[in-house]
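J.: Listed here are the chains, written in short residue letters.
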Amino acid sequence: MHSETPQLQPIKPAYHLRILSDEQLADMKSATLELLEEAGIHVPSERAREIYAAHGGLVDPATQIVKLPPNVVLEAMSHAPRYYTMGARSQAFDLVLDGTAMYIATDGAGTETIDFETGERRSSTKDDVGKMARVTDYLSSMAFYWPMVSAMDYPATAPLHELDASLRNTVKHVQTETVMGETTGRYAVEMARVIAGDEETMRSRPPISLLVCTIAPLAQDSHGMESALLFAEAGLPVGFMSMATAGSTSPATIAGTMVVGDAEMVAAMALIQMAYPGAPTYHSMMPGIMHPRTGAFMGSNLEGDLYYSGGVELAHMWGVPTLAGIGTEAATSGWASAAGIASSMLLCALCGAETASGLGLREACTLLTAEALVLDSDLHEIVRYEAAGLDTSREALALDVTKAVGPRGHFLGQKHTRRELRKRAFSELTSEPIGGGQSGYREPVEVAREKTDWILENHHPEPLSPEQQAEFARILRAADGELG
Amino acid sequence: MPSDTPLLEPIVPAYHLRILSDDQLEQFRSATLEILEEVGVHCPSEQALAIYAEHGARVDGDEHIVRLPADVVLEAMSHAPRYYTMGARSAACDLVLDGTAMYCATDGCGIETIDFQTRQRRLPCKDDVAKMARVSDYLSSVGFYWPIVTAQDYPATAPLHELDASFQNTVKHVQSETVMDRVTARYAVEMARVVAGEEAQIRGRPPLSLLVCCIAPLGLDESGMEAALVFAEAGLPVGFMSMANTGSTGPATIAGTVALGDAEIVAAMVLIQMAYPGAPTFHSLMPGVMHPRTGGYLSLAWEAELPYPVGVELAHMWGVPTLAAVFGPDAEAPGWESAKASASNLLMCALCGAETGSGMGLLEGCTVLYPEELVLDTDIYHQIRINAAGLDTSRAGLALDVIKDVGPRGHFLGHRHTRKEMRRRQFSDITRQRGADGSARDPVEVAREKTDWILAQHYPEPLDTAQQAEFAAILAAAEREFE
Chain A
1 MHSETPQLQP IKPAYHLRIL SDEQLADMKS ATLELLEEAG IHVPSERARE IYAAHGGLVD
61 PATQIVKLPP NVVLEAMSHA PRYYTMGARS QAFDLVLDGT AMYIATDGAG TETIDFETGE
121 RRSSTKDDVG KMARVTDYLS SMAFYWPMVS AMDYPATAPL HELDASLRNT VKHVQTETVM
181 GETTGRYAVE MARVIAGDEE TMRSRPPISL LVCTIAPLAQ DSHGMESALL FAEAGLPVGF
241 MSMATAGSTS PATIAGTMVV GDAEMVAAMA LIQMAYPGAP TYHSMMPGIM HPRTGAFMGS
301 NLEGDLYYSG GVELAHMWGV PTLAGIGTEA ATSGWASAAG IASSMLLCAL CGAETASGLG
361 LREACTLLTA EALVLDSDLH EIVRYEAAGL DTSREALALD VTKAVGPRGH FLGQKHTRRE
421 LRKRAFSELT SEPIGGGQSG YREPVEVARE KTDWILENHH PEPLSPEQQA EFARILRAAD
481 GELG
Chain B
485 MPSDTPLLEP IVPAYHLRIL SDDQLEQFRS ATLEILEEVG VHCPSEQALA IYAEHGARVD
545 GDEHIVRLPA DVVLEAMSHA PRYYTMGARS AACDLVLDGT AMYCATDGCG IETIDFQTRQ
605 RRLPCKDDVA KMARVSDYLS SVGFYWPIVT AQDYPATAPL HELDASFQNT VKHVQSETVM
665 DRVTARYAVE MARVVAGEEA QIRGRPPLSL LVCCIAPLGL DESGMEAALV FAEAGLPVGF
725 MSMANTGSTG PATIAGTVAL GDAEIVAAMV LIQMAYPGAP TFHSLMPGVM HPRTGGYLSL
785 AWEAELPYPV GVELAHMWGV PTLAAVFGPD AEAPGWESAK ASASNLLMCA LCGAETGSGM
845 GLLEGCTVLY PEELVLDTDI YHQIRINAAG LDTSRAGLAL DVIKDVGPRG HFLGHRHTRK
905 EMRRRQFSDI TRQRGADGSA RDPVEVAREK TDWILAQHYP EPLDTAQQAE FAAILAAAER
965 EFE
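Chains as they are written, first to last, in my numbering: chain A, 1 to 484; chain B, 485 to 967.
Fair warning: there could be bad hints in the mix.
Claimed, not checked - From the structure, some residues in chain A lie toward chain B, with a derived Cβ separation under 7 Å:
id : residue
1  : Lys29
2  : Ser30
3  : Leu33
4  : Leu35
5  : Leu74
6  : Met77
7  : Thr253
8  : Pro277
9  : Ser333
10 : Ala336
11 : Glu381
12 : Ala404
13 : Pro407
14 : Ile434
Unchecked claim - From chain B, some residues computed to sit far from chain A (all C-beta separations above 10 Å):
id : residue
15 : Ile598
16 : Arg606
17 : Lys610
18 : Gln652
19 : Arg777
20 : Ser878
21 : Glu905
22 : Arg918
23 : Gln952
24 : Ala953
Worth flagging that the hints you see were computed from the coordinates, not collected in a lab. The beta-carbon is built from N, C-alpha and C at its ideal position, and this holds for glycine as well.
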């Protein structure tokens with residue numbers, strides 16, 4: 001007997017925010033077009049260069065630089081759909097990206113795990129991916145799943161084993177950020193086909209999607225772009241993320257870094273639209289700032305939040321949905337891991353982000369710990385309630401109750417209180433009293449840890465059908481044979 | 485040689501947010517007017533009852549209930565100034581409440597301190613107020629100071645000793661939330677007069693203001709209201725805060741609690757405007773949600789965030805500035821819980837146009853002073869300040885020439901532009917600090933060290949000798965009177 005997957009509860013903003021003015025957006029658009037025309041993009045994939053050339057890109061085969069005149073970019077981007085659906089194994093969990101809700105995914109591709117039983121730090125495994133897919137399946141705040149860590153016990157075919165562990169353990173949409181190269185890409189598309197069942201469903205409700213990182217400044221990865229083309233051909237959504245770093249791989253200004261990133265993403269999306277006009281694509285701005293002493297990438301900082309919310313507005317300017325960057329780079333779950341997440345998530349949600357990812361890892365998106373995802377989910381709930389607006393109906397204003405109680409009374413004995421207090425929402429992490437509340441409240445990190453254990457013990461979502469499982473096993477065997 | 489007080493860095497939002505629609509604001513206004521007209525407020529002060537009655541309120545002298553017809557409320561509120569200045573001992577720290585900037589204060593009136601040396605929990609004292617005034621003076625995030633804990637070593641005259649410790653140790657504006665009753669208020673006004681120097685200054689740049697809590701539901705406190713009248717008469721700003729608690733002292737709906745709190749605050753501001761038309765007043769909505777099992781006041785339950793920025797919009801609807809509730813988490817120690825909601829709440833209040841906010845530096849629902857918490861909150865404050873300031877998309881900010889210069893697959897490390905601009909990037913001095921062995925340091929520990937450093941190094945400009953003597957005389961007189 002399998003467990004029911006709780007309904008999704010995405011963030012649905014009742015009010016909205018615009019950070020960049022129309023003029024600022026126009027300036028950034030001109031800047032991207034200017035860079036693509038004058039500086040161009042390094043494109044090592046021969047196939048990609050051919051597609052660019054066939055659609056008006058100016059290709060220099062010797063340097064592998066492609067320059068894109070503005071009209072070529074704008075023509076290509078005019079085919080990109082603004083709205084589409086990312087499907088899920090179970091239709092109730094389809095993500096309709098129509099701008100009314102922000103759906104959040106976990107972080108992904110971590111490389112180490114604090115073992116849930118022993119507490120030892122070790123390399124991450126396929127089993128970790130499966131376990132966290134189950135936790136994600138349970139959490140109503142998590143709308144889709146990035147395989148949270150790498151299946152490092154399957155070195156040659158890790159991305160496919162990550163998909164296997166994910167799709168078996170959650171009925172939600174899965175987005176991979178590790179499928180790179182044509183061969184791996186083909187096997188991944190096969191797995192999507194097994195889930196979707198038929199071609200039409202695969203295109204209208206694609207159960208997996210791909211995220212490919214560009215290489216800053218202004219370059220593409222050959223393998224990444226080739227798997228993106230494969231996914232797009234199959235009708236699966238593909239997105240591009242720039243992680244340009246102010247000071248090292250991009251200028252030491254925030255806007256300059258955003259423009260480098262935007263140009264990279266737009267060049268990549270333009271390629272997809274040239275090859276497969278109308279293919280679902282998305283834009284994901286996730287740059288950082290170089291630590292001035294260590295040179296490290298810092299994805300969030302005092303100045304960092306505007307990258308992500310500004311990125312949402314740029315995506316919409318180009319007419320595509322966004323995958324916003326949220327999350328933390330803190331080393332452990334504590335003050336620093338909580339300090340910046342909610343404001344960044346709120347800004348992105350109010351700017352209209354359709355999707356976002358980045359919850360549940362520590363140490364700059366590399367380390368999986370048992371409690372982090374449940375803790376980060378609590379922050380999602382804060383933002384969900386903040387963004388939902390206020391019910392000011394006559395019933396909610398409760399004037400009759402206030403009149404009945406009058407000055408200096410209390411509301412404890414009112415029927416209204418008994419009924420309405422049950423509807424109030426409290427964090428189960430921070431409101432857990434010790435000894436009836438006389439001794440304070442339990443430590444939330446400890447409560448989160450227990451909740452994760454509880455989910456792992458009790459939540460076993462609907463499995464793949466036996467036929468699907470057999471097909472997955474066959475695909476993995478073939479891939480292990482070809483790539484192993 | 486005194487230390488320079490670093491320039492204030494208020495939050496100056498480049499973009500704005502509206503949470504409630506015009507219709508929703510109107511619903512709240514009607515609800516408040518309906519409550520004030522039909523239910524009224526309880527007000528035990530004879531002085532206040534007389535003022536209310538004289539200006540058209542229906543006063544029940546036996547029950548001490550004041551009912552306010554809508555036109556009476558609106559007439560009184562029409563005198564309240566929308567914009568004014570809260571002065572400071574040093575004019576460079578004056579707070580011009582013109583809607584362009586948000587200034588934040590510490591929290592106040594804490595009833596326990598984690599000792600600076602021993603780290604043991606103990607009762608707070610006047611010296612804690614003084615120490616944290618110095619820390620606040622140093623931090624550019626702190627626009628003004630609430631005496632952060634109570635001076636429990638001076639039981640009868642604590643509020644005045646808190647003001648003494650505050651004014652002696654910061655050149656910034658001081659807002660008291662403990663001066664209650666007419667006699668204490670007169671001494672406090674005297675102290676403000678000593679700081680201001682002359683009558684025109686006390687009205688033009690009042691160095692002291694007062695916050696008075698209402699008593700939910702719909703009650704006004706006799707001593708608090710009488711102190712407020714003394715302050716208003718002297719030209720010092722007075723504000724009123726509702727801390728109605730959803731489910732116990734407010735209805736178990738969020739909007740119901742907000743409407744109730746708004747009615748309390750408006751009734752109190754109306755009294756001040758009736759007595760001293762044009763007196764500077766402010767509105768401060770800080771309700772909580774009752775914990776369903778313990779009955780505790782939870783300021784940061786999931787749903788408890790929205791009333792704070794909504795309070796900002798209600799204040800502006802009534803035509804007065806706001807003191808928004810920011811920070812002040814329920815957490816029992818600095819950590820995950822203490823940080824989780826502060827940033828988004830501050831961001832919303834700032835983007836809604838809050839002129840002032842308070843709550844930095846205390847934990848356990850605004851009751852316990854952890855010396856390092858103010859520095860930790862400052863880090864969150866600056867993150868929000870920088871993000872609210874918007875993005876520089878000038879040609880220089882976009883840096884297109886530099887990008888073209890570097891081109892695809894290059895790097896920016898060797899570029900002069902990087903050397904120049906990298907220095908302008910702003911980094912936290914609390915997070916991502918490394919220990920001697922290269923390991924990540926706990927930001928709470930770094931904040932503790934920074935607090936110790938400030939206390940060892942920062943001694944702001946003292947009061948002049950004559951002012952110090954006057955303060956001593958005022959305190960001596962007050963102690964004699966209260967003995």
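J.: If we take the beta carbon of arginine 777/B, is the closest beta carbon in chain A still more than 10 Å away?
T.: 6 Å, violated
J.: Restraint: lysine 29/A near chain B, CB-CB cut 7 Å. Satisfied or not?
T.: 11 Å, violated
J.: Is the nearest CB of chain A more than 10 Å from the CB of arginine 918/B?
T.: At roughly 8 Å from the nearest Cβ of chain A, arginine 918/B sits no farther out than 10 Å, so the non-interface label is violated.
J.: Restraint: glutamate 381/A near chain B, CB-CB cut 7 Å. Satisfied or not?
T.: With a minimum Cβ separation of about 5 Å from chain B (threshold 7 Å), the hint on glutamate 381/A holds.
J.: Taking the shortest Cβ-to-Cβ distance between arginine 606/B and chain A, state whether it exceeds 10 Å.
T.: Arginine 606/B clear of chain A: closest Cβ-Cβ about 18 Å, beyond 10 Å.
J.: Given threonine 253/A was flagged as interface, is its beta-carbon under 7 Å from a beta-carbon of chain B?
T.: 5 Å, holds
J.: Is the nearest CB of chain A more than 10 Å from the CB of lysine 610/B?
T.: 28 Å, holds
J.: Measuring from the C-beta of proline 407/A to each C-beta in chain B, is the shortest one below 7 Å?
T.: 4 Å, holds
J.: Hey, is alanine 953/B genuinely clear of chain A, shortest beta carbon separation above 10 Å?
T.: 44 Å, holds
J.: Per the CB criterion, is isoleucine 434/A less than 7 Å away from chain B?
T.: Nearest chain B Cβ about 10 Å off; hint violated.
J.: Report holds or violated for the interface hint on leucine 35/A, using the least CB-CB distance to chain B and a cut-off of 7 Å.
T.: 6 Å, holds
J.: Confirm or reject: glutamine 652/B is not an interface residue toward chain A, with every Cβ-Cβ distance exceeding 10 Å.
T.: With a cut-off of 10 Å, glutamine 652/B remains clear of chain A, as the shortest Cβ separation is near 32 Å.
Hint compliance for this structure: hints 1, 2, 3, 5, 6, 8, 12, 14, 19, 20, 21 and 22 are broken, all remaining hints hold.
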